[in-house]
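Q: Chain residues, written in single-letter form:
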Amino acid sequence: MVKQKINMAEYILMKGNEAIAISAIRNGCDGYFGYPITPQSEVMETLMAEEPWDSTGMVVLQAESETSSINMLYGGASCGKRVMTSSSSPGISLMAEGLSYLAGAELPCLVVNVVRGGPGLGTIQPGQGDYFQACKGGGHGDYKMIVLAPNSAQEMYDFVDLGFELAFKYRNPALILSDGVIGQMMEKVELRPMKPRWTEEEIIKMSPWATTGKTPDRKQNVLTSLALDAAVHEALNHRLIEKYKQMEEEDVRFENYLCEDADHMIVAYGSMARVCENTVDLARKEGIKLGLLRPITLFPYPTKEIQRLVPQLKTIMSVELSAGQMVEDIRLAVNGKIPVNFYGRLGGIVPSPEEVLEAFKKEINK
Amino acid sequence: MKEEIIIAGFGGQGVLSMGKILAYSGIMQGQEVTWMPSYGPEMRGGTANVTVILSDKKISSPILSNFDTAIILNQQSMDKFEEQVKPGGLLIYDPNGITRHPQRKDITVCSIDAVDISAELGNSKAYNMVVLGAYLSKKKVVEHENVIKGLKKSLPERHHNLIPMNEEAIQVGMNKIVVLNTI
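Protein chains in written order, with the working numbering: chain U, 751 to 1116; chain E, 14 to 196.
Mixed in with the good hints there might be a few duds.
Simulated pairs of lysine-lysine, BS3-like, Cα-Cα distance not exceeding 27 Å [said to hold, decoys possible]:
#1 E:Lys70 - E:Lys165
#2 U:Lys1035 - E:Lys70
#3 E:Lys93 - E:Lys165
#4 E:Lys71 - U:Lys1039
These are calculated hints, taken from the structure and not from any lab test. These numbers were taken from a predicted model, which means no experiment stands behind them.
Take the sequences, apply the hints, and build the full model.
A: So this is what it looks like as structure tokens:
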């Protein structure tokens, strides 16, 4: 059933998870290594059903664990290949060590986290409690990942290509931070023109750092996150910091819904941004000038956009499926100038637009 | 046009696939659509529900607390969703297994005896199509030809021989719906 999806040039009804898989095949992904976990199992299921090894030559492999799959990414990325994995919260925790190593060795790869409620084994229902893990480390050491937060099946599709593009631009892991709602929801998806996988020649040309086999005209390429010489290691750290600064300069993405005349603003990402768009419409009907800022990149964060809007705003409210994580980045941006409130639901419960509106009114009427 | 629908019943009744056919019909009509299932450790006999939204405009929230239409196929879903129908909205239910019938007077209430009807058709698997037909007779949100196109898109090609049977079930459902309360 799924197999016919690949050749149809029209809108297709797809789950967010299916869109990730189809997009990987159509965007020249060389390899997917994963391990099943709800609510993202459709990613590998779809890849296996499509059998891309016969069409594009893409490898799809079920590893024996998440730890193994992230290290397969390390190997594939070292060869300059476009490699990816997907998992959900507890599985991403298992990958944390590998992500730190990939960032330390400056290797590009794409990781998809379809977040569920936590901590621990948690619940299989949607959550956004992995914001800290995605944006503030997760693994050890001073590193950052490019974090993209899709809010539709179409963006699940589009961000695979964007994620690879940014990962290779910066030689850094990119992470798609989705959740159970976006992964499980079906919407119409437009398939963009197909991009072929890179040839070996293209990889050598575009990624001269990759371990593609030493030639007489260059020194051997060594990819490692280990530097025992303090000065060498500090230089690596500084190179990484420069890269993260460049991301903040060049690759912040966000969407601003009715913020320009707003007195109050909600900040929400992913599925909660969809819910909050309705909340804004409901508030506007009651004459409340409410707007919505949707960060699309969670790192780099749209700090400057928040700071641009602060002078006109009375309050900001962060709405998350967490106990309050992204709200800390908003507070850093606002720096005490106006009140920053928070509303969150947990345990896999997704609030309705009306519920968010009620919480918002309660805060501003305090 | 914007139609927000909840379809709720037991796993195995075809709740999710009925929603999918409706969503695909919407795409064939050029509409925006979302299909948001309840998911979890659910299986045949457990509860299953799906929210389908069809709209001329971009759809924001896929999570809703009230609906234009509720299609209710078991008692648990009746208990949960009857009160979530918007005033002036539509409730369609299968009375089979229902012990507490809908009470609301501010909404249109219809019943469709889909278990018996699909048994008479000789195919209990057409159950959800009978229900879909009943719904489409009350809300003409998608043209008939687009429903058939949606059906074709949703079914794997190897099952396309079943389309005439499904079409018939939709037709019978349209004809056999019973209106219990009008507003």
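Q: Each hint: holds or not?
A: Here is how each hint holds up against the structure:
no. : hint                : result
1   : E:Lys70 - E:Lys165  : holds (25 Å)
2   : U:Lys1035 - E:Lys70 : holds (18 Å)
3   : E:Lys93 - E:Lys165  : violated (32 Å)
4   : E:Lys71 - U:Lys1039 : holds (21 Å)
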